[in-house]
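Residue numbers (this note's numbering), protein chains in the order written: chain A, 1 to 170; chain B, 1 to 170; chain C, 1 to 170; chain D, 1 to 170.
Honestly, the hints are just simulated from the structure, not real lab data.
The model shown is predicted, which means the values in this text are computed figures rather than measured ones.
Incorrect hints may appear among the rest.
Because identical chains share one entry, a pair is satisfied inside a single copy or across any pair of copies.
[Claimed, not checked] No more than 27 Å apart at the CA atoms, straight line, and that leaves these computed lysine-lysine pairs for DSSO-like:
1) LYS151 / LYS11
2) LYS124 / LYS149
3) LYS39 / LYS11
4) LYS159 / LYS11
5) LYS124 / LYS11
6) LYS39 / LYS159
7) LYS151 / LYS39
Protein chains: 4
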Amino acid sequence: MRTSKSDSDKKIIISVIGGAHCSDEEAALAESVGKELAKRGVILVCGGLGGVMEAACRGATIEAGLTIGILPSDDSTTCNPYVQIPIATGVGYARNIAVVKSAQAVIAIDGDYGTLSEIAYALKSGIPVIGLNTWALARNGQQENSIIKAKDAIDAVGKAISLAGGLKVP
Amino acid sequence: MRTSKSDSDKKIIISVIGGAHCSDEEAALAESVGKELAKRGVILVCGGLGGVMEAACRGATIEAGLTIGILPSDDSTTCNPYVQIPIATGVGYARNIAVVKSAQAVIAIDGDYGTLSEIAYALKSGIPVIGLNTWALARNGQQENSIIKAKDAIDAVGKAISLAGGLKVP
Amino acid sequence: MRTSKSDSDKKIIISVIGGAHCSDEEAALAESVGKELAKRGVILVCGGLGGVMEAACRGATIEAGLTIGILPSDDSTTCNPYVQIPIATGVGYARNIAVVKSAQAVIAIDGDYGTLSEIAYALKSGIPVIGLNTWALARNGQQENSIIKAKDAIDAVGKAISLAGGLKVP
Amino acid sequence: MRTSKSDSDKKIIISVIGGAHCSDEEAALAESVGKELAKRGVILVCGGLGGVMEAACRGATIEAGLTIGILPSDDSTTCNPYVQIPIATGVGYARNIAVVKSAQAVIAIDGDYGTLSEIAYALKSGIPVIGLNTWALARNGQQENSIIKAKDAIDAVGKAISLAGGLKVP
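In isolation and in its complexed conformation, chain A is listed as follows (with noise of 0.2 Å):
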């Protein structure tokens, strides 16, 4: 459907999630992500509030790339100061589905429940989860690996965008 655009126009988008707070090392780590993927040309979306989130648009900021803040409140200037574009979505934590449906992979980075629920509704979808420090899952005594350990912000990125390419583009 979409045949505007040739393929070299098309842009990924990637998903960065985690705690609203986070700790200095985690911010560190946040703000590597945003750094890295806006060298790479990709757009960031987040949750558009503190904590992880704020640090990855920062990154991103830092190296000119896009930076999109899907909020739960109907006011746009809830955001924070390196969200570019904020979607105001007035829907609260169900803007969860929205921060991980709108990107094809999604980058965790430690984060509390809200976090967790993103990786679920992100797996359920099939859409890949690269996980840095984060949550790990077992289901009735197995050990599920459907989120992909990575060993630090640049190979985070690099599997988030390789696993990108496997998803259909709009």
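Could you slot chains B, C and D onto chain A? The hints should help.
Same frame as chain A, but now just chains B, C and D:
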């Protein structure tokens, strides 16, 4: 604020969550949970579809309990036949939030990633989650024990009712 | 699909929509609508808050009817005191969709822009809207007559029940 | 809070709303609106589908503007071919809230009940709505003049930009 009713009028509402497809064994377990909830006068909330949700509603209906199905679609007729009050949300899997937030406790039976998203939303809000053969969580290499294990349907319902008491009931 | 129940078991569900703040006159009208719905065995759905919603629930409760409040917040205790079953959606004013889609007909009493959004969602889905002193619509300079005018509470409930019959009831 | 950017960095975001199906005349009008928004450096937000939304995005793309489509489905590939950044919300027509709340002003072109729900959500929040051949409202027999009439595309965009200035931009 709720002054028109005495405490004794207040009904406990408990959600049963789990896969829309399930094994016969899981269905039997869910039906037992539904029966036990109804016998104890609890209103059953669920996601309104098949599998674990349908089996739990069937159990509750057999024991003349009240069942509410909070549906993803905007069409009330998409509910399973044992839902007495269908809520047609029209917000897709964002209805998972309503399924857990409308309850004072949640019983998770088996389940896939959708169930995992519901567990995450419940834990994020401090709503107790009682698990029967369901997900287990670890974070940064540490086991999480936030899902309370139950050994059978009667144990699960007993724990859920007991923990529901700790929450404010409207 | 709904084979477990005979047709005679099926309950009609009707929504009452209107402002969270209203005049005494509107409250009296909403209370009369709630009473009449309960007398006729209809389940009342509303948005769960104050004003018209609270008055309608109060009327239904006086006549021992069942009331369901579909709330914007994720906290069941935010409902008015006459809501018997609160549904805490957590999706903000996106719950307006659920308020109308869960019913077979809608009665609109006065109301502000939130009510207008509900009327729009109902009409979009072909759910009949009966109006008491509420919005009137025109499109491209032409009057729209899609909102059915009622002259009083009894007339509104009669029309709503009659029109609800045309829809499939789950 | 947004301290990392000077005021001159801030982009205005304006939504164009209207039917997913429209006449050739309406499509031409929507395309002109899209062109004019892009020429004036405004980011265009819309619901991402066909009809007025597609025509507006096409116009903006011709003038090298940025287009964002906030989709009802959870599949980014359902957008029209001129959407550069698809947001796949997965919350159905609850995305109508995001379409208007993410903008500082809204331009409504013709439109059906979905558009009416968007107008209602915008007015509820005090977001200015500029109308081109669209809905007119009356309440309790009194005309409402809350939708600001424009005489053509250039007039609509001029009024929208002027009124957008009155809102806080993130």
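Now for the hints, and whether the structure bears them out:
| no. | hint | verdict |
| --- | --- | --- |
| 1 | LYS151 / LYS11 | within (25 Å within a copy, 37 Å between copies) |
| 2 | LYS124 / LYS149 | both (18 Å within a copy, 24 Å between copies) |
| 3 | LYS39 / LYS11 | both (13 Å within a copy, 23 Å between copies) |
| 4 | LYS159 / LYS11 | within (16 Å within a copy, 33 Å between copies) |
| 5 | LYS124 / LYS11 | within (24 Å within a copy, 33 Å between copies) |
| 6 | LYS39 / LYS159 | within (15 Å within a copy, 38 Å between copies) |
| 7 | LYS151 / LYS39 | within (19 Å within a copy, 45 Å between copies) |
No hint from the list above goes unmet by this structure.
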